[in-house]
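Knowing the structure of chain V, use the given hints to seat chain D on it.
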Amino acid sequence: DTAVSQTPKYLVTQMGNDKSIKCEQNLGHDTMYWYKQDSKKFLKIMFSYNNKELIINETVPNRFSPKSPDKAHLNLHINSLELGDSAVYFCASSEGGAQETQYFGPGTRLLVL
Amino acid sequence: QKEVEQNSGPLSVPEGAIASLNCTYSDRGSQSFFWYRQYSGKSPELIMSIYSNGDKEDGRFTAQLNKASQYVSLLIRDSQPSDSATYLCAVLLTGGFKTIFGAGTRLFVKA
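Chains as they are written, first to last, in the numbering used here: chain V, 1 to 113; chain D, 1 to 111.
Same shape as in the complex, but just chain V (with noise of 0.2 Å):
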């Protein structure tokens, strides 16, 4: 009974293709997330979407276009792959509030070649 689930776990493609990542969360919650977690793993913030309105952009190039169809689902398309976008895509869901734990998916590891 997944709480957070991504498809697909694995993503190998060419650069200059355009890719989905699909994200639905069973948890009830208002908020949802992107971050991408680089080589280094270092965890960052893309977007966030807060009862499916964007709430939060950060400086991603705009290659990179989330859509929410309802508060459990929120998509990741990537157009024109570069060499610089392989890495970790995890989404996460949280309650929102104050006391904002956060609940991550399993992870989309993204190899653009």
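Note that these hints are calculated values from the structure, not bench results. We treat Cβ as the ideally placed atom computed from N, Cα and C, and that holds for glycine. Treat the hints with care, since some could be wrong.
Claimed, not checked - Straight-line C-alpha distance at most 20 Å; calculated DMTMM-like pairs for lysine to aspartate or glutamate:
hint : chain 1 : residue 1 : chain 2 : residue 2
1    : V       : K52       : V       : D70
2    : V       : K41       : D       : E3
3    : D       : K67       : D       : D27
4    : V       : K22       : V       : D85
5    : V       : K36       : D       : E15
6    : V       : K67       : V       : E95
7    : V       : K36       : V       : E100
8    : D       : K98       : V       : E82
9    : V       : K41       : D       : E5
10   : D       : K2        : V       : D30
11   : D       : K67       : V       : E58
12   : V       : K9        : V       : D85
13   : D       : K98       : V       : E100
14   : V       : K40       : D       : E5
15   : V       : K40       : D       : E3
16   : D       : K98       : V       : D30
17   : D       : K98       : V       : E95
18   : D       : K98       : V       : D18
19   : V       : K44       : D       : E3
20   : V       : K44       : D       : E45
21   : V       : K41       : D       : D58
To be verified - Estimated spans, in silico, between C-beta atoms of each pair:
hint : chain 1 : residue 1 : chain 2 : residue 2 : range
22   : V       : N62       : D       : S12       : 30 to 36 Å
23   : V       : S20       : D       : Q31       : 31 to 37 Å
24   : D       : K67       : V       : T2        : 34 to 40 Å
25   : V       : A72       : D       : R77       : 35 to 41 Å
26   : D       : L46       : V       : K44       : 32 to 38 Å
27   : V       : K40       : D       : G54       : 30 to 36 Å
28   : V       : L54       : D       : G16       : 44 to 50 Å
29   : V       : V12       : D       : K67       : 41 to 47 Å
30   : V       : N57       : D       : Y51       : 23 to 29 Å
31   : V       : L27       : D       : G95       : 35 to 41 Å
32   : V       : K40       : D       : Y51       : 26 to 32 Å
Showing chain D alone in chain V's frame:
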């Protein structure tokens, strides 16, 4: 630019010892602080959260917060080899919704 700083380590301690992990943060208005553990190849999972100055204990783990010094720490008593992981300090910035993570401290517990 709000920051969270941690010593990247690695920190190596013998089994049974106390491991001490430290973190400083720059956002003076932050009220919520977290320690996450991340095993290699896995996703981060919450170990402790702390919101008030002082100590908070949960089993072998104790989180300490000093808002005046902008300092958070995590103590792991009776360290076990299974505690070997990267520990991420996280701070929820003023205004909510945005959590900043430190780069993590790698901990090795030697049997």
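Hint check:
1. V:K52 x V:D70: Between K52 (chain V) and D70 (chain V) the Cα gap is close to 6 Å, so the pair holds against 20 Å.
2. V:K41 x D:E3: holds (16 Å)
3. D:K67 x D:D27: holds (10 Å)
4. V:K22 x V:D85: holds (17 Å)
5. V:K36 x D:E15: violated (33 Å)
6. V:K67 x V:E95: Measuring from Cα to Cα gives roughly 19 Å; hence the hint holds.
7. V:K36 x V:E100: Status holds; Cα separation ~19 Å.
8. D:K98 x V:E82: Outside the cut-off at roughly 26 Å; violated.
9. V:K41 x D:E5: Measuring from Cα to Cα gives roughly 14 Å; hence the hint holds.
10. D:K2 x V:D30: Violated, at roughly 25 Å.
11. D:K67 x V:E58: Status violated; Cα separation ~26 Å.
12. V:K9 x V:D85: holds (15 Å)
13. D:K98 x V:E100: The hint holds at about 10 Å.
14. V:K40 x D:E5: holds (14 Å)
15. V:K40 x D:E3: holds (17 Å)
16. D:K98 x V:D30: holds (14 Å)
17. D:K98 x V:E95: Holds, because 13 Å separates the two Cα atoms, which is no more than 20 Å.
18. D:K98 x V:D18: violated (28 Å)
19. V:K44 x D:E3: holds (11 Å)
20. V:K44 x D:E45: Holds, at roughly 16 Å.
21. V:K41 x D:D58: violated (26 Å)
22. V:N62 x D:S12: 30 to 36 Å: violated (43 Å)
23. V:S20 x D:Q31: 31 to 37 Å: holds (36 Å)
24. D:K67 x V:T2: 34 to 40 Å: holds (36 Å)
25. V:A72 x D:R77: 35 to 41 Å: holds (39 Å)
26. D:L46 x V:K44: 32 to 38 Å: violated (18 Å)
27. V:K40 x D:G54: 30 to 36 Å: holds (33 Å)
28. V:L54 x D:G16: 44 to 50 Å: holds (48 Å)
29. V:V12 x D:K67: 41 to 47 Å: holds (45 Å)
30. V:N57 x D:Y51: 23 to 29 Å: holds (27 Å)
31. V:L27 x D:G95: 35 to 41 Å: Since L27 (chain V) and G95 (chain D) have Cβ atoms about 23 Å apart, the given range 35 to 41 Å is violated.
32. V:K40 x D:Y51: 26 to 32 Å: holds (29 Å)
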